[in-house]
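Novice: With chain A's structure known, arrange chain B on it following the hints.
Number of protein chains: 2
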Amino acid sequence: MGSLKAETSISKGRCNGTGKNLSPDSLINLDHGDPTMYESFWREMGEKSTIVILGWQLMSYFSDVRNLCWFLEPELAKEIRKLHQLVGNAEINDRHIIVGNGSSQLFQAALYALSPPDASEPISVVSAVPYYSSYPPVTDYLRSELYRWAGDAYTFKKDAPYIELVTSPNNPDGFTREAVVNRSRGKMVHDLAYYWPQYTPITSAVDHDLMLFTVSKCTGHAGTRIGWALVKDREVAIKMTKFIELNTIGVSKDSQLRAAKILNTVCEGYEGGNTNGVMRFFEYGRRLMTERWERLREAVRKSTLFSLPEFQFEFCNFDREIRSAHPAFAWLKCEGDIEDLEMFLRSHKVLTRSGKHFGADPRYVRASMIDRDETFDLFVQRLSTIH
Amino acid sequence: MGSLKAETSISKGRCNGTGKNLSPDSLINLDHGDPTMYESFWREMGEKSTIVILGWQLMSYFSDVRNLCWFLEPELAKEIRKLHQLVGNAEINDRHIIVGNGSSQLFQAALYALSPPDASEPISVVSAVPYYSSYPPVTDYLRSELYRWAGDAYTFKKDAPYIELVTSPNNPDGFTREAVVNRSRGKMVHDLAYYWPQYTPITSAVDHDLMLFTVSKCTGHAGTRIGWALVKDREVAIKMTKFIELNTIGVSKDSQLRAAKILNTVCEGYEGGNTNGVMRFFEYGRRLMTERWERLREAVRKSTLFSLPEFQFEFCNFDREIRSAHPAFAWLKCEGDIEDLEMFLRSHKVLTRSGKHFGADPRYVRASMIDRDETFDLFVQRLSTIH
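Residue numbers (the working numbering), protein chains in the order written: chain A, 10 to 396; chain B, 10 to 396.
Some hints could be false.
[To be verified] In silico SDA-like cross-links for lysine to any residue, where the CA-CA straight-line distance does not exceed 20 Å: (1) B/K270 - A/D103; (2) A/K270 - A/G55; (3) B/K167 - B/S193; (4) A/K241 - A/K270; (5) B/K248 - B/M197; (6) A/K57 - B/T59; (7) A/K358 - B/R75; (8) B/K270 - A/S213; (9) A/K270 - B/L67; (10) A/K57 - B/I60; (11) A/K270 - B/S143; (12) B/K358 - A/R75; (13) B/K358 - A/K57; (14) A/K248 - B/S143; (15) B/K57 - A/I60; (16) B/K167 - B/T185; (17) B/K57 - A/K241; (18) A/K365 - A/D346; (19) B/K57 - A/L63; (20) A/K57 - B/W65; (21) B/K270 - A/I60; (22) B/K57 - A/W65; (23) A/K311 - A/N326; (24) B/K270 - B/Q94; (25) B/K248 - A/D149; (26) A/K270 - B/T59.
[Claimed, not checked] Covered stretches of chain A, going by a simulated chain B footprint (3 or more residues, C-beta under 8 Å): (27) 34-45; (28) 54-60; (29) 68-76; (30) 144-155; (31) 180-194; (32) 218-232; (33) 261-275.
[To be verified] Calculated Cβ distances over 10 Å to all of chain A for the following chain B residues: (34) T45; (35) R52; (36) H105; (37) T299; (38) E319.
These aren't lab readings, by the way, just hints derived from the structure by calculation. Ideal Cβ placement from N, Cα and C applies to all residues, glycine included.
With the rest of the complex left out, here is chain A:
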């Protein structure tokens, strides 16, 4: 079985890597994708996105007993539909919405729902290298007899049912992806956490059986722990709901109402022709990501030691123009003699995540592009001086 070690390694470094009170020689933490970059936008929004909850509100376990997902707040469901309609990134008609404590929980709910309950051996769970580093430990930490991590989808040859995780745009490298195994007894989970206009051109409303999204990477509210799944099949939706009932008896209503308010604020920015000149969320995000990627590429050019992925230009249906991707992570490769890039960057006081956690070479690392300005500034500054 896969390693159960702390590959999500959120505690790594135990440094304040979140951009507060940094000095020029501070350790900076780009290991995880803490989306604090967006705080500045929400500060500018002022009180528009404030929520107020009175002591007697939202006390019951139940949100809507008539809904298959009985713990989903109707207000959140409404805003999720509105947001997808606005962005055009996913088909929402005839889908069940399942809310989760982040999309990690929904990923586990999907494994539970898609595994045959009475199989003699666990179903294989695969994803193409480089895959999201949390998939192996999250699949295997409980050593479930229902499912088992089976590694790289490109090399999966077993003639048996399987679940393929398709992350698009991909974490860590930012490329658009499709399923690679393509055999008859496969089931797919599409992790679309980064399929938003600030990161990538929106080329179509995707229409897969089971799609995962999260507010963490959409609006930056990671601390709110809200994700959602769009699910075609009713039985799968019922089993996913059951998983979340057994795992956490539903999802915080306070968080759901907050997420609803945040999504509502995003959508409202696009209503009425935006005549008041206020910055809209995705434009803000895209502008910042574009600028950061330009600065990163410039630093990488100066250094000559590294390389970055190159992305195609594509027509974005949301922006109505041709553009390229600006992913939430930089998948940085060392072109020099250094064999362990994570260790090397650590000696320069930059914490990143080694390619080995993504099933790839340790000459690669993943570095967050969505931390606070102060952190990002130090990152490009250090990178440009490494030769």
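Specialist: Same frame as chain A, now just chain B:
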């Protein structure tokens, strides 16, 4: 292995059993312990317990990177300690506080932390009959190779390591409990969700290795999904934290801040000698529970078909007087010829949970005592007319 069926059965009945818009012949749902009884108290508290969260607050995944439990909001930790100090129900010195998405998640974190990681077979998980109906399905739904439900602690004879779940006061029957297996290779999880003054006399500050609590049953805020564990051993606390990191990447900060505010409001009621005559939370809860139990016992006497547990009088250190328990659930037994009490009560439009889900006889049912007034009124009214 145990049944994986919907024994928590939250969706049972799909009726609005939460006391809103009931008519005299409405179906009433006392199957689950939805603590909506407390809404009336929090309404009276008015704006004291309101929280306001601005759009840019609480966005990061992190709460306190210096804390072992890096996703625990320091404000919540402070209020949890204050509350235990006020009530005197648990030892808090030299304990790690681990926050969870309700105590169900913490129960699973505890199983993960207490299971030997490399054992050749799953560790046995036991609890004395009647045990909380969620323990078997929550232990077994993922068919983990780490742990496995092994049933009634009274009949557990295997000479091997085990985990015993001790719920005190017990769900469903309300009695104070201690561990029953008492062998050398056992580990205990103490579920103390109901060890609060409104339900039972507080006879000591309990001092176990791993204790679980939840705001759901303490203050009634079930929809907020906040529980906490008090953990003596550092390694166990680290593994529980790891579980929650892998399971849901921490716990909603919005909910944590709300729970902190609610606990703070409870504690403030007891500060400064309470000279303003405002009702204090535990007095309110105890008064209501006492009144409800008196009415329930009266209805049961009238009916002659049922019986209820009888509780000893004990000195409560918190109330400074001798009193008996008034549990959150009525463990109702049918003394007549009816073999399936759940079915029988369902024919009278009262949904309860059959004794069989608690490892007990189907002549027993568990009925919630903490629903809204309207629901409870109908319950005792119907019960008193059944002969």
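Novice: Could you run down the list of hints and mark each one as holding or not?
Specialist: Against the structure, the hints come out as follows:
1. B/K270 - A/D103: 40 Å, violated
2. A/K270 - A/G55: The hint holds at about 13 Å.
3. B/K167 - B/S193: Holds, at about 12 Å.
4. A/K241 - A/K270: 26 Å, violated
5. B/K248 - B/M197: 16 Å, holds
6. A/K57 - B/T59: The given pair, whose Cα atoms are some 18 Å apart, holds under the 20 Å limit.
7. A/K358 - B/R75: Judged against 20 Å, a Cα distance of about 19 Å means the pair holds.
8. B/K270 - A/S213: 44 Å, violated
9. A/K270 - B/L67: 14 Å, holds
10. A/K57 - B/I60: 16 Å, holds
11. A/K270 - B/S143: The given pair, whose Cα atoms are some 33 Å apart, is violated under the 20 Å limit.
12. B/K358 - A/R75: 19 Å, holds
13. B/K358 - A/K57: 46 Å, violated
14. A/K248 - B/S143: With Cα atoms ~17 Å apart, A/K248 and B/S143 stay inside 20 Å; holds.
15. B/K57 - A/I60: 16 Å, holds
16. B/K167 - B/T185: 26 Å, violated
17. B/K57 - A/K241: Status violated; Cα separation ~44 Å.
18. A/K365 - A/D346: 17 Å, holds
19. B/K57 - A/L63: 9 Å, holds
20. A/K57 - B/W65: Cα-Cα ~11 Å, so holds.
21. B/K270 - A/I60: The hint holds at about 15 Å.
22. B/K57 - A/W65: 11 Å, holds
23. A/K311 - A/N326: Not satisfied, since the Cα-Cα distance of roughly 34 Å exceeds 20 Å.
24. B/K270 - B/Q94: Roughly 17 Å separates the two Cα atoms, so the pair holds.
25. B/K248 - A/D149: Holds - the C-alpha atoms of A/D149 and B/K248 are around 15 Å apart, at most 20 Å.
26. A/K270 - B/T59: 17 Å, holds
27. 34-45: holds (count 4)
28. 54-60: Per the Cβ count (7), the hint holds.
29. 68-76: holds (count 7)
30. 144-155: holds (count 8)
31. 180-194: Violated, because only 0 residues of the stretch 180-194 of chain A bring their Cβ atoms closer than 8 Å to Cβ atoms of chain B.
32. 218-232: holds (count 5)
33. 261-275: holds (count 8)
34. T45: 5 Å, violated
35. R52: 4 Å, violated
36. H105: Label holds. Min Cβ-Cβ 14 Å, cutoff 10 Å.
37. T299: 21 Å, holds
38. E319: Non-interface label on B/E319 holds, nearest chain A Cβ at 30 Å vs cutoff 10 Å.
Hints 1, 4, 8, 11, 13, 16, 17, 23, 31, 34 and 35 from the list above are not met by this structure, while the remaining hints are.
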